Amino acid sequence: MRSLVSSAADLFNLLLAAYFVIGNGTYTVLMLFSVVSVWLHRRRRTYEGLQQLRDSPLTPPVTIIIPAWNEQDVIVDSVRSVLQTDYPEIHICVVDDGSSDETLARLLTAFAMIPAFRISRPRLPSRPIRCFYVSPENPGLLVISKERGSKPDALNAGVNHCRTPYFCTLDADCVLDHDAILRLMRPVLRSRVPIVASGGVVRVLNGCTVVGGQVAKVGLPRGALERFQVVEYLRSFFFGRTGWNLAGGTLIVSGAFAMFHLETAIEAGGFNLDTVTEDMELVIRLQRWAVDHGRKARISFTSDPVCWTQCPATVAMLARQRRRWQLGLLQTMRKASGMFFNPSFGVLGFISLPFHALVEGIGALVEPMGYLIIPLAACVDPARLRFLLPVVLLSLAYSGFLSVSAVALEEVTYHRYSSARELATLLAYALLENFGYRQLVLWYRLQGVVRFLTGSRKWEKVVHIAAHSEAAS
Amino acid sequence: MPNGLILRFAWPGALLLLLCVTGLTLFALLRNASRRLQGRHLLELGSEVQPLLGALLAGSIEYEDVLRQLRALGAKSRQASLENWLMADRDLSAEKVPLLRRLCEDLGLIGPWQGRLVAEGSQSPAQNRHDGRAGGRAHPLGFVLRAEAAENLGIIRHRPSWPLLVEALADPHATVRSAAARALAQIGEPESFSGLAERLRSAALDPVPPISSAPLKMALAAFPLSEAGRLSAFLEDPCWQVRSLAAGIVSAMAEQAAAACAEQERELPPLEPELAEIFLGRLAFDKSPEVRARVVDVAGYVDDARCVPLLRDLANDPEWFVRLRAVRALARHKLTPSSAFSRCLTDPNWRVREAAAEELCALGSPGISTLLDHFSTTQDRYSREQIAEQIGKAGLLPSLLETFGDPGCGSDTSRWKGRSASEKVEALLTALGNRGTRKDSEAVGSELCLNPDPTLSVLSKVSTTGT
Numbered sequence: 001m002r003s004l005v006s007s008a009a010d011l012f013n014l015l016l017a018a019y020f021v022i023g024n025g026t027y028t029v030l031m032l033f034s035v036v037s038v039w040l041h042r043r044r045r046t047y048e049g050l051q052q053l054r055d056s057p058l059t060p061p062v063t064i065i066i067p068a069w070n071e072q073d074v075i076v077d078s079v080r081s082v083l084q085t086d087y088p089e090i091h092i093c094v095v096d097d098g099s100s101d102e103t104l105a106r107l108l109t110a111f112a113m114i115p116a117f118r119i120s121r122p123r124l125p126s127r128p129i130r131c132f133y134v135s136p137e138n139p140g141l142l143v144i145s146k147e148r149g150s151k152p153d154a155l156n157a158g159v160n161h162c163r164t165p166y167f168c169t170l171d172a173d174c175v176l177d178h179d180a181i182l183r184l185m186r187p188v189l190r191s192r193v194p195i196v197a198s199g200g201v202v203r204v205l206n207g208c209t210v211v212g213g214q215v216a217k218v219g220l221p222r223g224a225l226e227r228f229q230v231v232e233y234l235r236s237f238f239f240g241r242t243g244w245n246l247a248g249g250t251l252i253v254s255g256a257f258a259m260f261h262l263e264t265a266i267e268a269g270g271f272n273l274d275t276v277t278e279d280m281e282l283v284i285r286l287q288r289w290a291v292d293h294g295r296k297a298r299i300s301f302t303s304d305p306v307c308w309t310q311c312p313a314t315v316a317m318l319a320r321q322r323r324r325w326q327l328g329l330l331q332t333m334r335k336a337s338g339m340f341f342n343p344s345f346g347v348l349g350f351i352s353l354p355f356h357a358l359v360e361g362i363g364a365l366v367e368p369m370g371y372l373i374i375p376l377a378a379c380v381d382p383a384r385l386r387f388l389l390p391v392v393l394l395s396l397a398y399s400g401f402l403s404v405s406a407v408a409l410e411e412v413t414y415h416r417y418s419s420a421r422e423l424a425t426l427l428a429y430a431l432l433e434n435f436g437y438r439q440l441v442l443w444y445r446l447q448g449v450v451r452f453l454t455g456s457r458k459w460e461k462v463v464h465i466a467a468h469s470e471a472a473s
Numbered sequence: 001m002p003n004g005l006i007l008r009f010a011w012p013g014a015l016l017l018l019l020c021v022t023g024l025t026l027f028a029l030l031r032n033a034s035r036r037l038q039g040r041h042l043l044e045l046g047s048e049v050q051p052l053l054g055a056l057l058a059g060s061i062e063y064e065d066v067l068r069q070l071r072a073l074g075a076k077s078r079q080a081s082l083e084n085w086l087m088a089d090r091d092l093s094a095e096k097v098p099l100l101r102r103l104c105e106d107l108g109l110i111g112p113w114q115g116r117l118v119a120e121g122s123q124s125p126a127q128n129r130h131d132g133r134a135g136g137r138a139h140p141l142g143f144v145l146r147a148e149a150a151e152n153l154g155i156i157r158h159r160p161s162w163p164l165l166v167e168a169l170a171d172p173h174a175t176v177r178s179a180a181a182r183a184l185a186q187i188g189e190p191e192s193f194s195g196l197a198e199r200l201r202s203a204a205l206d207p208v209p210p211i212s213s214a215p216l217k218m219a220l221a222a223f224p225l226s227e228a229g230r231l232s233a234f235l236e237d238p239c240w241q242v243r244s245l246a247a248g249i250v251s252a253m254a255e256q257a258a259a260a261c262a263e264q265e266r267e268l269p270p271l272e273p274e275l276a277e278i279f280l281g282r283l284a285f286d287k288s289p290e291v292r293a294r295v296v297d298v299a300g301y302v303d304d305a306r307c308v309p310l311l312r313d314l315a316n317d318p319e320w321f322v323r324l325r326a327v328r329a330l331a332r333h334k335l336t337p338s339s340a341f342s343r344c345l346t347d348p349n350w351r352v353r354e355a356a357a358e359e360l361c362a363l364g365s366p367g368i369s370t371l372l373d374h375f376s377t378t379q380d381r382y383s384r385e386q387i388a389e390q391i392g393k394a395g396l397l398p399s400l401l402e403t404f405g406d407p408g409c410g411s412d413t414s415r416w417k418g419r420s421a422s423e424k425v426e427a428l429l430t431a432l433g434n435r436g437t438r439k440d441s442e443a444v445g446s447e448l449c450l451n452p453d454p455t456l457s458v459l460s461k462v463s464t465t466g467t
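Protein sequence lines correspond, in order, to chains A and B. When we follow the numbering used here, the leftmost residue of the first sequence carries the number 1, and every step to the right adds one. When we follow the numbering used here, the leftmost residue of the second sequence carries the number 1, and every step to the right adds one.
Where hints are given, some of them may not hold.
Said to hold, decoys possible - Not everything, but these chain A residues come out facing chain B in the computed CB check (under 7 Å):
1) 56
2) 392
3) 397
4) 411
5) 432
6) 434
None of these hints come from the bench; they were simulated from the model. Everything numeric in this text was worked out from a predicted model, so none of it was measured. Quick reminder that beta carbons are idealized off the backbone N, C-alpha and C, glycines included.
All chains should be built: construct the whole structure from the sequences, respecting the hints.
Rendered as structure tokens:
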């Protein structure tokens with residue numbers, strides 16, 4: 001027994017060391033890329049020419065598609081936020097995905113909407129539409145009421161009724177910065193290579209003050225769970241996405257706030273109904289479509305268009321969200337298996353996809369093994385601790401380093417959490433994240449892996465009840 | 001062996017990382033403190049500068065007084081902050097720009113901006129070394145300063161700087177090139193037009209052009225339509241991509257000019273004869289549908305006897321997007337709806353049908369009449385469906401629904417009561433389109449007659465004729 005545990009501990013040590021070197025080595029490179037990229041982008045904001053985009057007749061109109069299922073508490077504020085967006089021509093399409101609550105009724109009342117006749121010319125698959133509603137007060141607003149499907153199904157319904165060359169997907173619990181769409185469109189118009197998808201930053205809305213559909217004051221949420229997520233979002237968007245974007249290996253633009261080229265998205269097949277992370281799946285498929293059709297296409301990520309989203313405030317909701325993310329990641333990786341180590345896909349095929357599959361996907365199994373083996377090894381052979389402890393400490397220290405770096409980068413660049421107290425709190429949470437929160441998230445990721453292995457396709461809804469209204473204090 | 005390695009590197013690594021974490025934490029906290037301190041200074045400066053600028057722009061203070069006070073504030077260490085405040089409003093109205101420009105000139109800001117623009121930008125490191133500039137080595141982040149300088153010169157529309165900005169179009173950094181193009185567009189110096197236009201070919205044809213087509217197009221389109229003649233050579237380029245890009249620029253110029261003329265309630269001046277000949281005589285029959293589509297856009301704005309017949313012809317173009325633009329362009333001429341519209345209402349492509357219905361509706365009473373006549377006579381199911389949608393979009397259906405939902409109207413409303421909104425809409429449209437029973441049509445007709453809305457009266461006539 002003793003030798004078995006010792007061998008397992010040795011093997012695990014090796015595994016952990018390899019995992020550590022691959023994972024953290026990549027993160028280090030991404031971090032370096034991101035620091036330069038975010039800092040430069042921040043500087044460039046002073047000469048960005050937004051006014052020219054605003055004034056030019058060449059700035060294309062955009063449709064914002066908001067899929068909503070049982071979002072009665074947040075939907076009206078979200079639509080108001082979008083209506084105030086600073087963009088030359090914007091259309092809004094809210095797709096009520098068969099809500100059983102008052103989502104539709106509240107929309108109809110708040111915006112004085114009336115039924116309308118629209119022709120359905122489905123180019124992408126979606127469940128049947130019940131009725132269309134338009135608002136005489138807001139001619140750009142269209143509400144589609146359809147039979148219950150899923151989020152990708154609702155998005156496809158919205159895409160089918162989109163008449164603009166670009167569309168932007170927006171979650172129903174989100175609030176946009178007033179110039180977020182303009183900033184999201186800027187790289188699309190400036191790029192020398194056609195951009196088929198453009199993503200922006202998603203930040204945590206909890207704790208912020210929302211007035212008239214706009215974030216008036218940025219603040220930290222009260223709950224520890226939400227604060228950990230603030231750090232997590234900073235790390236994910238500033239390091240992960242910015243770094244991958246610079247390296248040319250973008251795999252994800254958050255569907256909570258992302259812009260797509262309409263015809264390319266339709267030609268690529270639209271949102272897939274088989275995955276629970278339809279945004280990531282579409283981004284990968286767009287890149288595969290471009291290679292298959294010999295087209296030049298880029299995915300862009302920019303760090304200054306900001307969308308504020310309500311993060312889960314309870315452990316139960318966090319569990320749903322993380323299980324879904326993990327399940328979706330693995331489903332998408334499986335679908336993209338033909339792209340792994342395929343030279344046609346460059347950085348995406350050789351580095352980004354394998355990294356996400358290995359470190360983000362299967363990695364959810366490696367860490368829990370450590371939590372089992374280390375105590376076991378310590379009991380059976382205390383001498384082993386001499387080798388195991390430094391690895392664990394190194395792993396924790398590196399994780400803390402990445403989180404603290406993300407907070408420091410936020411302070412150096414956009415400093416939206418401006419007070420010293422808020423910064424100190426964030427730094428403290430960046431360090432504390434490894435003790436409890438990380439393990440909790442890991443547990444849900446593990447559940448996500450189990451669901452993937454059991455073939456589950458369940459979309460777990462994160463309910464945003466009252467949290468938004470608390471934010472809108 | 002691996003355990004030995006781990007033991008050797010893990011502890012020092014962990015300690016190093018912990019040190020880094022501590023260092024970063026301290027750095028972030030100190031940076032926050034310094035930023036807030038700097039912010040306070042900036043606010044203090046702003047509290048002095050802003051009222052002065054506000055008063056100057058409002059005309060309540062003498063220019064010389066403002067200049068004297070700003071000079072007193074603008075010690076070298078505070079110059080950057082002063083620049084920030086001066087250039088903070090990037091959406092200045094036309095009458096405020098000369099004041100700000102004069103202020104920048106008198107405060108000596110222009111020279112440093114121009115200096116930054118040429119210091120490292122347009123020359124190679126070797127040339128810099130030869131000229132003895134910057135110790136022969138370009139600042140790695142110099143492009144940020146150069147782009148800022150270009151942007152500032154554009155904001156204040158500093159006309160004498162245009163040659164430098166044209167030079168900056170060849171800057172090694174794409175960001176500076178784009179900023180220079182924008183600044184040239186803001187300044188609008190006619191002489192600089194050719195400098196920008198020279199980049200058109202590469203923007204249209206290079207896989208990774210020095211300046212991408214969209215910013216270049218935006219910059220060139222910001223010039224007045226009278227400059228469009230300078231694009232003649234590009235409009236006759238052998239490559240369709242170049243012709244299409246150039247024609248797109250003229251189309252955007254025409255659109256902007258038309259909007260400006262409409263605002264000032266005056267007629268759009270005609271295109272130069274040579275340019276009109278290129279567009280209406282040659283490019284209209286171009287092999288490339290992309291080019292023809294751009295011609296259609298221009299023909300929609302220009303007042304030329306050849307435009308309307310040309311647009312009617314192009315409404316039959318083999319490419320749907322040319323037909324779509326033709327129908328939209330025809331509507332801009334605000335003539336009596338022609339058979340071209342009716343033809344487009346039965347176009348095989350739904351986008352063309354949709355555009356035709358929308359444009360007819362936008363033409364007002366004669367357009368709606370044509371639309372409804374077509375609705376009651378055509379046998380084309382898709383065309384009727386499209387018009388039905390347009391009736392809804394035009395805001396007619398709500399009134400209809402209201403009329404039929406109101407029990408006081410005097411007709412047989414019970415038949416409507418149990419139906420959903422969409423069913424009501426469908427029933428109404430069926431009745432209007434003479435596809436329903438005689439009773440349905442009569443009911444609809446009599447209801448519509450009672451409604452004071454004049455557009456509904458038109459519908460009533462259609463309905464009555466149908467019965």
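How the hints compare with the structure:
A hinted interface residue such as residue 56 of chain A counts as satisfied when its beta carbon comes closer than 7 Å to some beta carbon of chain B; here the least separation is about 5 Å, so the hint holds. Proximity of residue 392 of chain A to chain B is violated relative to the hint, the smallest CB-CB distance being about 9 Å (cut-off 7 Å). Because the beta carbon of residue 397 of chain A sits about 4 Å from the nearest beta carbon in chain B, less than 7 Å, this interface hint is met. The beta carbon of residue 411 of chain A comes within 5 Å of a beta carbon in chain B, closer than 7 Å, and the hint placing it at the interface holds.
Because the smallest distance between the Cβ of residue 432 of chain A and any Cβ of chain B comes to about 12 Å, over 7 Å, the interface hint for this residue is violated. About 11 Å separates the beta-carbon of residue 434 of chain A from the nearest beta-carbon of chain B, more than 7 Å, and the hint is not met.
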